[in-house]
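Trainee: Residue-level listing of the chains:
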Amino acid sequence: MEITNEYIRERLVEKFGEQVTGFEESFDMLSFESPKDLNLKVLQFLYDDETLKFRFMTDLCGVHYPDNEGRELAVVYHLHNLEANVRLRFKVFTSVAQPDVFSATALFSTANWMERETYDFYGINFIGHPNLIRILNVDEMDYFPLRKEFPLEDQSRIDKDDEMFGRGEIFQ
Amino acid sequence: MSEQHIKLPEGSIEKQTTTLNLGPTHPATHGVMQNILELDGERVVSTEQTIGYIHRAFEKIAERRPLYQITPLTDRLNYCSAPINNMGWHTTCEKLLGVKTPKRVDYLRVILMELSRITDHLICNSIVGVDSGAFTGFLYVMQYRELVYEIYEEVCGSRLTTNIGRIGGFERNFTNTAFEKIEKFLKEYPVVLKEFEGLFLRNRIFMERLMGTGAISAERALNYGFTGPNLRAAGVDYDVRVAKPYSSYEDFDFKIPVGTTGDNYDRWLVRSQEMWQSLEIIKQAYQKVQEFKGAEAEVYHADVPEYYLPEKKDVYTKMEALIWHFKIIMGEIDMPKGEVYHSVEGGNGELGFYLISDGGRAPFRLHFRRPCFIYYQAYPELIKGGQLADAVMTMSSLNLIAGELDA
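Residue numbers (our numbering), protein chains in the order written: chain A, 1 to 172; chain B, 1001 to 1407.
Hints in this document: simulated from the structure, not taken from any laboratory. The beta-carbon is built from N, C-alpha and C at its ideal position, and this holds for glycine as well. It is possible that part of the hints are untrue.
Said to hold, decoys possible - Covered stretches of chain B (chain A as the covering partner; in silico rule of three or more C-beta atoms under 8 Å from a C-beta of chain A): (1) 1107-1117; (2) 1263-1274.
Said to hold, decoys possible - In silico DSBU-like links for lysine-lysine, alpha-carbon gap of 35 Å or less: (3) B/K1095 x B/K1060; (4) B/K1244 x A/K148; (5) B/K1100 x B/K1194; (6) B/K1103 x A/K41; (7) B/K1194 x B/K1095; (8) A/K148 x B/K1181; (9) A/K91 x A/K41; (10) B/K1293 x B/K1100; (11) B/K1181 x B/K1288; (12) B/K1187 x A/K41; (13) A/K15 x B/K1293; (14) A/K91 x B/K1181; (15) B/K1337 x A/K15; (16) A/K53 x B/K1184; (17) B/K1184 x A/K91; (18) A/K148 x B/K1095.
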């Protein structure tokens, strides 16, 4: 049986009702979201269901939307049904004030490092993670660098004198 | 024996474990990875990995850069097969921007991608040889990787960090010399590969070192998110080139080699088989490229002036071209809004790009699915209970590239 995005959507709505929202299709991939305390239930349902069979976690990452009050941080899961070759994007949102999301490590071993990376960069606290410590950055760091409040250096700065870089004379 | 005859007091040296720091840089491991091994004699009891020694804040930098300025960053991911990273990035951009590439461009890309797959596998396989004490293979194949690097050089001017593509195609057409070099490679390489396989395939020491070590079952490999040769060695025939073809891979006829046991030897075999398949693909693609005649044979990029850079000679001589070049590089043209996930079959697995565009000139968020990052977390499970020497072999046969691991 071919699994279409429409079918996945129907199954999800059938199971979770109005708790799954934000259905969207961009570049052929179905994307939806659920409340953050439901994330494991949704993942488990997608994993267990005999027709959906989303049993391969391709990717897990965080996103920071600073203007999204109350739901600034997102955790994005990319799942793949290898048999029917269908991909799916699933998101949960959480606030910066209380960035607690349940860990998917019990279901997918691959989520272990991906969640550590997401914690490292966004400070999302994965409840139930066996070893939630920084992975790419140094342990002493006390902030989460991929959040938008840490902008990279502005390229148009004027206090940065070109002369110091041996280029000043040319443009005068 | 000793346990039966000598009664050692509890907690004595026999029962104690040793902690050994293998790395961050160690002659037996490649790249910058630290393994803190707990050893009982020679046997690995448990292990912990530390990575991030060459972390470059890749994703953060990408959030301030327009599309073209991200290209050189992707070269440095898996530097053993830089063109694949490049093509992966450019096809992602094309998907987002809705650029359709001509067939000839696709075929040329396939040629380059398969060439780089060959170099990637060649390095990995020969390094596995080196780690088991067989230096000859490594020494021997280097000059044939060189042939591929010469092809890159002919196509784009650089060898390692290639920057080989453009959005919509290539910077310049393949020259006749490039085609000659490809032909030369196609002619010479099978003989070399055969000999290379002959060095290892039935070598007693090599087999004893590799067989049965670092094995993983298909089920665990899937749960760990393995892709590429490492997953196929466990017996799952998942390949992005077939599952979701990009760059006209659907036009080619090739097999996906799979293993059975998922151990180090199978991984080596799968890579070896894949090189043969890559050669087949290159042959077919080369044939198809040759079929283009006349004006069609001159096509090397899509007709998308808003994203495709003007020719270099115009940039140097014409003001408008210079301005236009500048505008594209600085990303003056806003990207369409949207979220795109695109993946290609990299040298060592599924290399994915997840790009969120909010309509600005730089991505709002760019995340790389790096295959190495995913393999390495399974490492403790792969080497547990094995010998220390097997741990080194397992590490090299996973094809870990530090540049990609740390991103």
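Trainee: Taking the earlier hints as the rules, which of them does this structure contradict?
Mentor: Hint check: 1, 2, 5, 6, 7, 8, 12, 13, 14, 16 and 17 fail, others pass.
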